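Q: Let the hints inform the model, and build the full structure from the sequences given.
Residue numbers (my numbering), protein chains in the order written: chain A, 1 to 306; chain B, 1 to 306.
Keep in mind that the hints were calculated from the coordinates and are not lab data. None of these values were measured; they are calculated from a predicted model. There is no bait here: all hints are sound.
For chains that are exact copies, the list does not tell them apart, and a pair is met inside one copy or across any two.
Below 30 Å or equal to it, Euclidean Cα-Cα: the simulated DSBU-like pairs (lysine-lysine) are: (1) Lys138 - Lys38; (2) Lys138 - Lys262; (3) Lys262 - Lys286; (4) Lys85 - Lys286; (5) Lys28 - Lys138; (6) Lys263 - Lys138; (7) Lys263 - Lys85; (8) Lys92 - Lys38; (9) Lys163 - Lys98; (10) Lys98 - Lys28; (11) Lys72 - Lys98; (12) Lys85 - Lys38; (13) Lys38 - Lys72.
As a plain string of letters, each chain reads:
2 protein chains.
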Amino acid sequence: MDNFSNLVYGFIGLGLMGGSFAKAIRAKLLAGPAAAGKILALDSNRAALDAAMERGVADEVFGTDAAATMLKCCDVVFICLYPAKTIEFLKKYRDDFKSGSVVSDISGVKAGLIEALPGILRDDVDFISGHPMAGNEKEGFYYSSGCIFEGRNYILIPHAANKPENLAFFKALTGALGFSRITETDYASHDHKVAFTSQLCHVIASALVESAEDTEITAFGGGSFEDLTRIAMINAPLWTELFLANRGELLRHIAAFESSLKKITALIGRADGEGLCGYLEAVRLKRSAMSLTESKVTGEPPHPQK
Amino acid sequence: MDNFSNLVYGFIGLGLMGGSFAKAIRAKLLAGPAAAGKILALDSNRAALDAAMERGVADEVFGTDAAATMLKCCDVVFICLYPAKTIEFLKKYRDDFKSGSVVSDISGVKAGLIEALPGILRDDVDFISGHPMAGNEKEGFYYSSGCIFEGRNYILIPHAANKPENLAFFKALTGALGFSRITETDYASHDHKVAFTSQLCHVIASALVESAEDTEITAFGGGSFEDLTRIAMINAPLWTELFLANRGELLRHIAAFESSLKKITALIGRADGEGLCGYLEAVRLKRSAMSLTESKVTGEPPHPQK
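A: Here it is, written out as structure tokens:
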């Protein structure tokens, strides 16, 4: 595939994530006068499209009835919709993607999508499923930013039909957009691990806020409560869909967390200072080892980008 | 009491918190050439004292056997020890504080301390108990910083014997060190609320790390897990003491949190999308209302400081 700066990028959905990807591509890949590439965007929200045009993020915008027209022009397509809508879109417009194009998604749960692949895949269109591990507690294009991917994790879920050169291209592309650690895994492993690092954390943060006696409590906050609950300012419909789509994995992690919580609660309950101190020491070591986990960027950019 | 810049400040304990207070006072109150005030510091850790002298944070340092000598010179004393040691120190050196001095502490739990007051108070020394709601997951003078109080909450636990002018002085002092919201409350209310905003959060973060399957999981992190568990890099002996000293309150908050967690888990378990979305919407509104809680700084500095 061509150099990043000569490609036509298409966005299906221009909310927080679509907007952030589009802004990152504009700033990092299509900034110079020599860049012949373009950004096309489709959304049902006219205000988001207008804002993208006014700010020079998009070159052309399309309403939802013009999806087929837009897709025919795109070398790279980012589908930035909720998980179920992503599958619907891929099925509905299967025949409209440009031959040779690379198509990706941002779904936070992968099982349903990967299992639907037989009805989605075309020989001449490469669908590469990915999960950018970045976000914001705010929603919509207005809050999108080209910087949110800087230094973050990106998870790639390749499948047998992916062409190696397209995978290499896509890894280089996400690296060029700021992601520093790109991990390849299968969809079951993705859903299992993300249920822990992301969905369980949102469940815990939500339950913690729910259990607060009043909203004045923050006068007594020292940063811990604030940090633990920032993500409780949640996009309710999206997270409802994510929790339910990954229900089995999430329920298993909640149960494991509850069991860990019971362990420490029992130590506190029986005032077992030695046992409690040992529990906390082990946790400290474990969490510190996590901070030290080495970055595991895979692949070298085929087209060096600065 | 005199202008902030002419006072002698004494630190009992020069770890993360003592060091941070000393550095903030040095930078904000004793920086100019006209400042006649001094900082004296006592610690059992010689390396911390040497570092404080080398970096110009302390003017004079003392070993633990010289507490009485040092106290006699101090207008303001910050006791920056663990809670039980703070009570011990106050009792042991009761007669050595300078007449007219203001003495404070940083204990994260107040019941034991305030209940011990009858054996501690002197008519001519004002003990003003406080809790700076700031910190760091790292320990010791090396990691201390004069900036950690900027914009943070400070909780003041006045008692009947406190002189109004000393309370006003102390509020102005903490305000000058960077705290932006100073809340007055009684010790029972402090312990109840801090058990929620601080201790419960540390319990949850610790249990979440304990429940992680491996330390490689951070390759799948998108910031939520990292934010929720940073405080799990915990000072185990200190937090063991805090959890046990405030056991009753903490256990009640854990139970309330578990019940909130059960509620959301049940919604996920029976795939109740509508109920789940409602739960998450309510949480979002509640947490957003918390962010909007107005700052409630009380008192004006009697000695304007810049």
